[in-house]
Amino acid sequence: MKNRSLVSINDYSTDNISEILRRTELFEKKPVQKILDGKVVATLFFEPSTRTRLSFESAVNKLGGKVIGFTDSSSSSVSKGESLKDTIKTVANYCDLIVMRHPLEGSAKYASELSKVPIINAGDGANQHPTQTLLDMYSIIKTQGTLQNLNIFLVGDLKYGRTVHSLLMAMSRYNPVFNFISHEKLRIPDEYKMYLNNIGIKYYEHSEFEKIQYADILYMTRVQKERFSDPMEYEKTKDTYILKNDMLNDTKDNLRILHPLPRVTEVDNDVDENRKAYYFDQALNGVFTRQAIISSILDIKPENDTN
Amino acid sequence: MKNRSLVSINDYSTDNISEILRRTELFEKKPVQKILDGKVVATLFFEPSTRTRLSFESAVNKLGGKVIGFTDSSSSSVSKGESLKDTIKTVANYCDLIVMRHPLEGSAKYASELSKVPIINAGDGANQHPTQTLLDMYSIIKTQGTLQNLNIFLVGDLKYGRTVHSLLMAMSRYNPVFNFISHEKLRIPDEYKMYLNNIGIKYYEHSEFEKIQYADILYMTRVQKERFSDPMEYEKTKDTYILKNDMLNDTKDNLRILHPLPRVTEVDNDVDENRKAYYFDQALNGVFTRQAIISSILDIKPENDTN
Amino acid sequence: MKNRSLVSINDYSTDNISEILRRTELFEKKPVQKILDGKVVATLFFEPSTRTRLSFESAVNKLGGKVIGFTDSSSSSVSKGESLKDTIKTVANYCDLIVMRHPLEGSAKYASELSKVPIINAGDGANQHPTQTLLDMYSIIKTQGTLQNLNIFLVGDLKYGRTVHSLLMAMSRYNPVFNFISHEKLRIPDEYKMYLNNIGIKYYEHSEFEKIQYADILYMTRVQKERFSDPMEYEKTKDTYILKNDMLNDTKDNLRILHPLPRVTEVDNDVDENRKAYYFDQALNGVFTRQAIISSILDIKPENDTN
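Chains as they are written, first to last, in this note's numbering: chain A, 71 to 377; chain B, 71 to 377; chain C, 71 to 377.
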């Protein structure tokens, strides 16, 4: 993967994914190692984010690298009318790798074509968020022991949720059964259903929380206000699909609840104490996964890699 | 103090305070040492601050640690409706220690109950700001040679000023005499006067600058606009208690003027050149004090500690 | 230059400039070296900037130093009414060097008189931006082989553009011919023309793109909206002086197009692929130039300096 940008999870072959998951485990065992000494990573966040940005910065810092960047576009030259092209072509001179989040779909792809250093897409609008997908996959294999043949429930905003779309595409390689739970206005887009039909992956659509006793993974997502043009539509739908602790009574022992976070109200606080709640551990996995991705792209071997 | 959060100065025994002051002196002698190598500190500022944040970041950086964080809540996931609980539980995965400032009283205590890494309270509303108190105490012992039996004047916003309340509680252990100078609307709250009465500490209230010829420490504070609901009330009071250089003529030789900063108009610029003005040196002491606090909480010994 | 602030390019003698250019070449050969180990640099940006701030932060990080700071004044104590004096006198306690950008002309000079650590001016209003000038000069000598006897065209906002004024003053020492191309409302101020007259440097004024076939350096600048009180005047002038690729057909082989960036529309995107376009390489030179300036001011020798 040397010097290759990570724009979409589809950029990675199944072998690439396996390599990232293997490295993630190495970094989980030894998160502090000085392999990025002398390297500078730029984090360009044209949209706000705590989790993703801090997770990347923690990953880089624990590996001995340095971070520069901006946390929103108002404190950058973008506010002076600079184009994305010029920002990328300039910042590429200051660093060895760019991590970017941008509100526009396709912006990461565009940046990767212009930049002389690799780009990691940390979210481009409703499109892709591949490092989230890889940390989700690491959380799945770590808790389930396998990626194969799982019963995966995706809940919430299935229409606009980029993490849902990326995870669906990636997990489709491992013979899952999908269950989609959402309001009718937030259903999984037809293109994804056609894709699953074409490759012979089974899926079921539900408009209520049902059949979760069969789930191995319950992947909850936030209904994001910023995706709605009509605020009333947001208010009406946001409380419809709230997971509560007593709904987990008859679920499988190996069930784990994932959430890309931030959460608003869709997972009740009383679920947090349930041992099946895994979302905060999932966030920790994000640091190791990003260490794996960065080291792969920069072609630097983990110290504890005996391969 | 290993792995213990610092939420309030009352969390620390007199022995704990002595240990911090002892360590502070060690770091003043040798501020650059690599004892935090591989450690990541998160600075979560839900409210703006130059001084406190940069002071912490300087402290960590000089000790070889790394800093991640945000400088205001608008560029964080809080703007997406995330709860403080979730922010803390997530960020605790990314770091070894969290330094937080938050507008809500009690928020640091709440965070310390949720976090798996220690929390340092860098100010929670009008409540507590314990690292400021410890640097104030280091400034007092360094300039007076002792913490015992001092005549301490507290001036300005004694009602809402969290630095005043914390300093009062901490210094009460060392048999001081307090003099409170403030507008009647900004008087020290009754609970603090009752506390002093109960433990037998003498205090006097003044509505004007008087008796300062007896002071060992003159602790000036800003009348903070953001604490007032009525802007007119702020405008009327802010100029009432301005310290000017000629007021220092008959003061004691050992008098030192402290201020937690930022200052607005309450200390005239002509005071800055007076050798009794100590507030900028006090800010420097803040770096060493924070190095002492962080190293104590993480249970890491200073290199030059022969104990 | 030990411990000396860099406020204006006029602070540097011709020997000082030669030393910076010599060091810049050393850092271009070896940009990663640990000579700032244990040092902290504060970047205080009271105005937004991507390029200059990230360029400085990259320079410091590659030399093993640490960076603290703020990216706009709203997240600093300035929003609490603190004076520039107090901000500088406080932050000087936290670092070894301050890099500042401020909207007010003269602010960097003022800060340098108050600070106990050196100040590097990263732009003070329409006044000076000396590190930009030094990286411009490095770009000139690197592409032309000399600073002497060049035909330099300055285009765009010659009235308010601080980079233009600084470059004009600095290059005047090397016997150039200047050509000024601008709208009549944005002409080079009379004081600069008088200065050139006094020292016997030739210059020509043009209101259109003409004679550029004689240019060695074509220095393009943005017409900055924020310098205009009347937005209509900005709209009328901004498109008047746009450089397009076909205008470069008959230009000299050694011609290089420089731009301090950010660009808006004044250099057409089709110019970017022309090998005479040098502005993105110029941005890279900025990292090395700032490493040279910082190391000179802190009196630390580059590792690969055999002098």
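It should be emphasised that the hints constitute simulated quantities derived from the structure, not laboratory data.
None of these values were measured; they are calculated from a predicted model.
Just to be clear, a hint being listed does not mean it is correct.
When chains are identical, the list treats them as one kind, so a pair holds in a single copy or across two.
Result set (DSS-like, lysine-lysine): computed pairs, CA atoms no more than 25 Å apart in a straight line [said to hold, decoys possible]:
1) K229 to K371
2) K272 to K229
3) K263 to K159
4) K72 to K306
5) K314 to K159
6) K314 to K371
7) K371 to K104
8) K306 to K159
9) K212 to K159
10) K72 to K99
11) K100 to K229
12) K186 to K371
13) K212 to K186
14) K100 to K371
15) K72 to K100
16) K179 to K159
Here's how the hints hold up against the structure:
1. K229 to K371: Result: close neither inside a copy nor across copies, 38 Å intra and 53 Å inter.
2. K272 to K229: within (19 Å within a copy, 66 Å between copies)
3. K263 to K159: neither (38 Å within a copy, 35 Å between copies)
4. K72 to K306: neither (47 Å within a copy, 48 Å between copies)
5. K314 to K159: Only across copies: K314 and K159 sit 19 Å apart there, 48 Å inside one copy, limit 25 Å.
6. K314 to K371: neither (43 Å within a copy, 46 Å between copies)
7. K371 to K104: both (11 Å within a copy, 22 Å between copies)
8. K306 to K159: neither (43 Å within a copy, 29 Å between copies)
9. K212 to K159: Result: close only across copies, 20 Å inter versus 39 Å intra.
10. K72 to K99: both (23 Å within a copy, 24 Å between copies)
11. K100 to K229: Classified as neither; 38 Å inside a copy, 50 Å across copies.
12. K186 to K371: This pair counts as within: shortest intra-copy Cα distance 22 Å, inter-copy 30 Å.
13. K212 to K186: For K212 and K186, only the inter-copy Cα distance (21 Å) is at most 25 Å; the intra-copy one is 35 Å.
14. K100 to K371: For K100 and K371, the Cα distance is within 25 Å both inside one copy (13 Å) and across copies (23 Å).
15. K72 to K100: both (22 Å within a copy, 23 Å between copies)
16. K179 to K159: within (14 Å within a copy, 33 Å between copies)
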